[in-house]
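Sequences listed follow chains B and U, in order. If you read the first sequence in this note's numbering, its first letter stands for residue 1, the second for the next number, and so on. If you read the second sequence in this note's numbering, its first letter stands for residue 1001, the second for the next number, and so on.
Hint data in this document are derived by calculation from the structure and do not stem from the laboratory. Check before you lean on any hint, since a few could be wrong.
To be verified - Computed cross-link-like contacts, EDC-like style, restricted to lysine to aspartate or glutamate with a CA-CA straight-line distance of at most 16 Å:
no.: 1; chain 1: B; residue 1: K272; chain 2: B; residue 2: E342
no.: 2; chain 1: B; residue 1: K230; chain 2: U; residue 2: E1118
no.: 3; chain 1: B; residue 1: K327; chain 2: B; residue 2: D298
no.: 4; chain 1: U; residue 1: K1047; chain 2: B; residue 2: E247
no.: 5; chain 1: B; residue 1: K330; chain 2: U; residue 2: E1043
no.: 6; chain 1: B; residue 1: K253; chain 2: U; residue 2: E1048
no.: 7; chain 1: B; residue 1: K307; chain 2: U; residue 2: E1062
no.: 8; chain 1: B; residue 1: K99; chain 2: U; residue 2: E1116
no.: 9; chain 1: B; residue 1: K310; chain 2: U; residue 2: E1043
no.: 10; chain 1: B; residue 1: K327; chain 2: U; residue 2: E1043
no.: 11; chain 1: B; residue 1: K327; chain 2: U; residue 2: E1048
no.: 12; chain 1: B; residue 1: K99; chain 2: U; residue 2: E1113
no.: 13; chain 1: U; residue 1: K1091; chain 2: B; residue 2: D234
no.: 14; chain 1: U; residue 1: K1065; chain 2: B; residue 2: E315
no.: 15; chain 1: B; residue 1: K254; chain 2: U; residue 2: D1157
no.: 16; chain 1: B; residue 1: K236; chain 2: U; residue 2: E1043
no.: 17; chain 1: U; residue 1: K1109; chain 2: B; residue 2: D103
no.: 18; chain 1: U; residue 1: K1013; chain 2: B; residue 2: E87
no.: 19; chain 1: U; residue 1: K1013; chain 2: U; residue 2: E1062
no.: 20; chain 1: U; residue 1: K1124; chain 2: B; residue 2: E96
no.: 21; chain 1: B; residue 1: K253; chain 2: B; residue 2: E315
no.: 22; chain 1: U; residue 1: K1374; chain 2: U; residue 2: E1352
no.: 23; chain 1: B; residue 1: K319; chain 2: U; residue 2: E1118
no.: 24; chain 1: U; residue 1: K1088; chain 2: B; residue 2: E87
no.: 25; chain 1: U; residue 1: K1264; chain 2: U; residue 2: D1252
no.: 26; chain 1: U; residue 1: K1047; chain 2: B; residue 2: E250
no.: 27; chain 1: U; residue 1: K1005; chain 2: B; residue 2: E87
no.: 28; chain 1: U; residue 1: K1333; chain 2: U; residue 2: D1252
no.: 29; chain 1: B; residue 1: K456; chain 2: B; residue 2: E428
no.: 30; chain 1: B; residue 1: K99; chain 2: U; residue 2: E1122
no.: 31; chain 1: B; residue 1: K99; chain 2: U; residue 2: E1043
no.: 32; chain 1: B; residue 1: K99; chain 2: U; residue 2: E1118
no.: 33; chain 1: U; residue 1: K1109; chain 2: B; residue 2: E96
no.: 34; chain 1: U; residue 1: K1065; chain 2: B; residue 2: D234
no.: 35; chain 1: U; residue 1: K1091; chain 2: B; residue 2: E231
no.: 36; chain 1: U; residue 1: K1278; chain 2: U; residue 2: D1252
no.: 37; chain 1: U; residue 1: K1065; chain 2: B; residue 2: E231
no.: 38; chain 1: B; residue 1: K346; chain 2: B; residue 2: D268
no.: 39; chain 1: B; residue 1: K230; chain 2: U; residue 2: E1116
no.: 40; chain 1: U; residue 1: K1171; chain 2: B; residue 2: E87
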Amino acid sequence: MFDESEIKEGFICPICKSDEKNIEVLLKHFDEQHSEEKDLITTFRDVFKIAKKKILNFDEKTFENTLKISKPTNPFQEYDFIDEVQEIGLFTNHFEYFKAIRDPRIERYATETNKLIIRLNKLLTNRPNDPQQIKQHEQNLVPWIDGKLVKLCPSCAKSFFLTRRQHHCRLCGSIMCNDCSQFLSIDESKSIISPSNESKQDDSVDIILKQPEDSIRMCEHCLHLLITRKEMQDSKLSKPIITKIYEQIETLKKEIMPHITMYEKMIDSLYKGDSVYTLADAGVLRGKIGSTAETLDDLSKKVLTLKCMKGSRQEAIQKSLRMAAIKFIKENMLTLPQIPVEEEIKKIQQKRIMELNQKIERDRRLAQEAFEKYDLSENYPATSSKTGSSIKMVDNWSGFQQNIQVNANDPLVEQMNIIKGYIKQAREALRFEEIETLEANLKELQHEYWLRAQQKENSEN
Amino acid sequence: MNLIKAVQMYIDKMIEEAGVGMKILLMDRETTSIISMAFSQTEMLQKEVYLFERIDSGRSNERLKYLKCIVFIRPTRENILRLSNELKSPKYGSYFIYFSNIIPRTDIKALAECDESESVREVKEVYADFLSINANLFSINIPTCLHALNWQSDALDRSVSGIIGVLLSLKIRPTIRYKIGSQVAQTLAKRVFDTINKESSLFSFRPPENGIPPPLLLILDRCDDPITPLLTQWTYQAMVHQLLTIKNNRVDLSNVAGVPSELKEVVLSAEQDDFYAKNLFSNYGEIATTIRDLIESFQKRAKEQKKIETIADMKNFVETYPQFKKMSGTVNKHLVLISELSMKIGKRSLLELSELEQDMVCKPDHSAQLQKIKKLVSEERINVEDALRLILMYSMRYERHANCGTVGLLNSLKERNGRTHLVPKMLEYISQSARSELFNTVKITDAVKLTRNLIKGLKGIENVYTQHVCVLKELLEEIFKGRPIDQQYPFINSSEVPYRRPPTEIIVFIVGGATYEEALAVHQLNQLGYRVILGGTTIHNSETFLEEVIAATNGAPFKHSRSLQAFHNASNA
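So here's chain B without its partners, still in its complex pose:
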C-alpha cells in the first residue's frame, strides 16, 4: 500500500499501527486516540525519549570522541581515590560488658537508697516537736547499734570518751563521732522524698548544712547515696533556661531551611520567566525569612545575657551558641539573592512568551509542511480531521460529539475555578510546594479546555 521507502519506522503508532510520518503528528495522534492507555503512553514516551536522545547524541558523541583525544587528563586531582565509596572503619562495642559490670552495682545502690528513702519518709511523717520525743520516734523506726560494742569511730578511728561522744545515723543506725556526722535539712529531705513539689531553680544553695537546728543527722555513706539520687532526679526534671532557648533556636533553624530552599527556587523561577510564583510570593517569603533571622538573632543574644561566672564553662557555651547562630544567619540567610524588580521580571516574562510563541509557530509550520508533503504524495486520509476527535470518542471514533458547551456549567471550567481558589488559599498560607502542583494541574486543565475549544471550532467549520 505504501511506498516502503516512505514509511519511517519510528513514527508508527504502537497501538493502531498507523503511520504518522512525523513526531508532532504522532504525538498528537497518540494524545487524541489512545489517551486511555495511559501506562502505555508513558512507556511509549519513554521509549521515544530514549530514541530521541540516541539520535541527538549520535552526533554529539562522535564529536566528543574527537574531543577526547585532544583533551588532556587533569594532572592535579584533589584526591587520589576520588571515586571510591569508603566504608566506615571498624568499631568495637564494649557497652554490654560495661553495663554487665555497672548495672548490678547500681542495683545494689538502688535498693539501699530506696530503703533509706522509705526510712527518711517515715522519719518525717508524724515527726514530733519535742526533742526527747523525736529521739524516741527515730529509735522506733531505725534500730540503733548498741554503743557499747563500738569503741572507735568507724570513719576517723578515734576513740570515744567524754568529749567525743557517740552519735547515731538516723537512717542506718550506725555510730560515728560528731565530727564525722553529716546533716540534711528537713526541707531538703522533703524535696528528696517528693521531688515533684520542688520547684526552685536555685541549685547553688549548699544542701549539706553543718549541724543546723532542724535537720537529720546521718553518716557520710547514707548522705552520699541520697545526694547522688537527688542529683539524678534534678538533672532529669529540671530544664535550664539555656536548653529551652536552645531548643527554640534549633526548631527555628529546622523550620526555616525548607523556606530558604523554596525562596531560592522561587527567585530562580522568576528569573526564568515562569509564572508559577509571583513577586509578591517571593516578597512575603523573604519577609518571613527575615523575621526568623531576627528572632534567631534575638534568641542567641538572649543566651548571651544569661547569668554566668566570668571564665566559666557556662560563659564559654553561651558565646559558642551565639557564634553558631551568627554563622547560621550569615551563611544561610544574609546571602539570599535579592528580589528582582517587577519591570525586569515582566521583561523576562514577555521575552519568554515571545520565544514560546515563536517556537509553537515554528513547530506548527514544520508539522504543517510535513502534512502537506505527505498529503500530496500519498493522498493519505486527512489527518487534520483527526485533530477534531475528542478523548471521549476513543472507543467509537466514527462520530463526533457535537455539543461541547463553553459555559459555566462545563465541568472543566468549574474545576479550574476550584483550583484557582485552592491556589489562592495556599498562597495565603505560604504553602508554596502546593501552589506548584496546583499550578501544574491548572495548566493541564487549561490546555484541555483549549483543546476542546479548538475541537469545537473545527467541528463547527
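Given chain B, work out where chain U should sit, using these hints.
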C-alpha cells in the same frame, strides 16, 4: 583508602550516636590534634558540638548537666584514671565514651565501677589513632623516636598502635615486609604482626577475592635514605614545610613582617581549602602562575564590586558574596605564604643551592662539586644551616672518596659557628645499605639498575631542581611491577607464601619520619591508579630531621666517623 575520610566518618558516627542537643567534646592532647586535622571548629559547631575540653588540663568543677559529653581519648593509663575521676563526680548529663584504640577489659571494668550515677551511654573503640595529613599521608606525631639507634620504648608502642589504627580504620589485614638489616624496622614489624595475631577477632576481615594478594604493610627505616629530608623542596606543601614548617596542618607566620593579625597562624587543610587541595603537589612555578591568575580574577571582581550601578550588578555581587568572601581569605593567605617563600628562596639563594644539591646526589663529579661547595660554605650570603646541609650531603656522598674533603669543609663551617658535630652524627645515622646503594655507585652486576641509569641519562633532565628520585618511589615501582624483593624486604612471617601477583594496595611506614617529597611520589603513583598510603613516625623537613638524627645517635658509639673526632662534640661548635 582515604585517611581523612576515615577519621571524619568516625567522628560523625560519634556525634550521631550522642543524638540531638548541645554537646561537649572531651579529648586529650593527641586526640585534639587528630580531630583538628579532620574538621574545623566551625564544622563542629554545625554538628552541635559547642564546647571543647582537654581531659588532661586543669578543669573546673562547674557542672553543666544539660550537656552531653562525647569523650574521645587514647586508652592510656593516665586517661583511664582521669576518666574514672570524671565519672565518679560527673559534670555533664550523659557520657559517650570512645577510645582511639584497643583498650584492656580491666580498664573498662574499672570505669564501669566508677559510673555510680549511670551517666555512661556508650563505650566503644574507634581506631582514629593517627594524624591524617593528606588523604594518603599520615603521621604518628613523634618528633624523635630513637635513642642510641634503637627504639625509645614509648615511641615504639605509639607507632604500633598508630599502624594498628590505620589498618583497622581501613579494614585491612596486611602481610608485612620490612627492610632487611634495619633492627628498628624489624622490631616494629614483629610487634605489629604479633598484635594482629593477638587481636585476630578484630582483624577477621573478608580476605580479598581469589588470587588477589592481600595489602602489603612495608616498614622502612629513615636511615636507609637520609638524603631526601635534606633536599630543598619545590612543591607547595613540601616547600611550605621545608621553609616555614607545618605543624598539625598549621603554619606559624607570627614572625613574618607585616602580616595581618588574622594570618599570624594559618591553617593549611586540603579539606577546607580548595586552593590548597588543588595545589598541594604543584611546583613552585605552577603555583606562582596559579596564584597570579587567582589574584587577577579577584581584582577583576573587586573592580566590578566598585561600580555597582545596576541592580543586576548588585545581585551578582550578593550572589557571589560567600565565595567572594571566602576567596579573598584564601587568596590573602596563599599570597602571604608564597611571597614569604619567594623571599626566603631569594635571600638564601636556594635556586642556586638546589641545583648543586641535585647535581651532587644524581651525578658523580667530585672535584667540581667540592669546589662549588667550598666556595658557597665560606660565603656570607649563604645561610649557615644551608651550608651544613650541603656538607652533610657531600660527606655521605663522598665518604669513601680518595680525596674526600669533608674535614676541610667542616673547618670552614666551624669558622662560621655552624653545627659541625652533625656531620659525624649523620655518618653514624646512615645505614650500611644506604652507603652502598643510595648513590649511583652501581655495581656492574646489577644489570637492571645499570640499564635504568643509562636510560635515565639518555632521556635528559627535565628539571634541574627535581632530578632526585627518592628511594621509596623506585621501590614502589619495583613492587608494582612484580620484581622480586624478598632478598631486600623479607616477610616478617617466614611461613608467608609469596603471591605470584604483586599487591594492589601498599601501606608504607617509615621509622624516623616520612617527607613530603615521598608523599608527592606516593601521590603520583596513586594518580596512575595504584593504591598507596604513606605514613611515618612524623613528617620531617631538614630542620626537624636533624633533630631526629641528634636524638637517634645520642648514646651510640662513633664507629664510622673516627676520622672526624675533632668534630664529635657539640661544644666544639
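Hint by hint, here is what the structure shows:
For a cut-off of 16 Å, the pair hint linking K272(B) to E342(B) stands: about 13 Å separates their Cα positions. Of the pairs offered as hints, the one joining K230(B) and E1118(U) holds, with about 13 Å between alpha carbons and a cut-off of 16 Å not exceeded. Taking the CA atoms of K327(B) and D298(B), the gap is near 14 Å; set against the 16 Å cutoff, the hint holds. Among the hinted pairs, K1047(U) with E247(B) is consistent with the structure: their alpha-carbon atoms are about 15 Å apart, no more than 16 Å.
With a CA separation close to 14 Å, the supplied pair K330(B) and E1043(U) stays within the 16 Å bound. Proposed proximity of K253(B) and E1048(U) is supported: the alpha carbons are some 12 Å apart, at most 16 Å. At most 16 Å may separate the alpha-carbon atoms for a hinted pair to count; K307(B) and E1062(U) meet this at roughly 14 Å. Between the alpha carbons of K99(B) and E1116(U) the distance comes to roughly 11 Å, so the proposed pair stays at or under 16 Å and holds.
Taken as a hint, the K310(B) and E1043(U) pair is broken in the structure, with Cα atoms around 26 Å apart against an allowance of 16 Å. With a C-alpha separation of about 11 Å, the suggested pairing of K327(B) with E1043(U) holds against the 16 Å cut-off. Proximity of K327(B) to E1048(U) is assessed by CA-CA distance (about 13 Å); at most 16 Å being required, the pair is judged to hold. Restraint check for K99(B) and E1113(U): satisfied, since their Cα atoms lie roughly 10 Å apart, inside the 16 Å limit.
A distance of roughly 13 Å separates the Cα atoms of K1091(U) and D234(B); the hinted pair therefore holds under the 16 Å criterion. Pair hint K1065(U) plus E315(B) holds up; C-alpha atoms about 15 Å apart against a cutoff of 16 Å. Distance hint between K254(B) and D1157(U) is unfulfilled; the C-alpha atoms sit about 46 Å from each other, more than 16 Å. For the given pair, K236(B) sits about 30 Å from E1043(U) by alpha-carbon distance, which is inconsistent with the 16 Å threshold.
Among the hinted pairs, K1109(U) with D103(B) is consistent with the structure: their alpha-carbon atoms are about 12 Å apart, no more than 16 Å. Between K1013(U) and E87(B) the alpha-carbon distance is near 12 Å, which keeps this suggested pair within the 16 Å criterion. Taking the CA atoms of K1013(U) and E1062(U), the gap is near 28 Å; set against the 16 Å cutoff, the hint is violated. A hinted pair counts as satisfied when its Cα atoms are at most 16 Å apart, and K1124(U) with E96(B) qualifies at roughly 10 Å.
A C-alpha spacing of about 23 Å is found between K253(B) and E315(B), which places the hinted pair above 16 Å, so the restraint is violated. Using a Cα cut-off of 16 Å, the hinted pair K1374(U) and E1352(U) holds, with the two alpha carbons roughly 14 Å apart. Among the hinted pairs, K319(B) with E1118(U) is inconsistent with the structure: their alpha-carbon atoms are about 30 Å apart, more than 16 Å. For a cut-off of 16 Å, the pair hint linking K1088(U) to E87(B) is broken: about 36 Å separates their Cα positions.
At roughly 6 Å between alpha-carbon atoms, K1264(U) and D1252(U) fall within 16 Å of each other, so this suggested pair holds. For the suggested pair K1047(U) and E250(B), the alpha carbons sit about 12 Å apart, so the restraint of at most 16 Å is met. Only pairs whose Cα atoms come within 16 Å are accepted, and K1005(U) paired with E87(B) is accepted, the gap being roughly 10 Å. A C-alpha spacing of about 12 Å is found between K1333(U) and D1252(U), which places the hinted pair at or below 16 Å, so the restraint holds.
A distance of roughly 37 Å separates the Cα atoms of K456(B) and E428(B); the hinted pair therefore is violated under the 16 Å criterion. Our distance criterion of 16 Å between C-alpha atoms is met by K99(B) and E1122(U), whose separation comes to about 10 Å. Distance check on the hinted pair: K99(B) and E1043(U) sit about 33 Å apart at the alpha-carbon level, beyond 16 Å; violated. Using a Cα cut-off of 16 Å, the hinted pair K99(B) and E1118(U) holds, with the two alpha carbons roughly 9 Å apart.
A hinted pair counts as satisfied when its Cα atoms are at most 16 Å apart, and K1109(U) with E96(B) qualifies at roughly 11 Å. The suggested pairing of K1065(U) with D234(B) holds, with an alpha-carbon distance near 9 Å, which does not exceed 16 Å. For the suggested pair K1091(U) and E231(B), the alpha carbons sit about 11 Å apart, so the restraint of at most 16 Å is met. Under the criterion of a C-alpha separation no larger than 16 Å, the hint pairing K1278(U) with D1252(U) is inconsistent with the structure, at around 22 Å.
Proximity of K1065(U) to E231(B) is assessed by CA-CA distance (about 9 Å); at most 16 Å being required, the pair is judged to hold. Restraint check: the Cα-Cα separation between K346(B) and D268(B) comes to about 14 Å, which is no more than 16 Å; the hinted pair holds. For the hint linking K230(B) to E1116(U), the alpha-carbon distance of about 13 Å falls within 16 Å, and the restraint holds. Only pairs whose Cα atoms come within 16 Å are accepted, and K1171(U) paired with E87(B) is accepted, the gap being roughly 9 Å.
Violation of the numbered hints given earlier is confined to hints 9, 15, 16, 19, 21, 23, 24, 29, 31 and 36; the remaining hints are satisfied by the structure.
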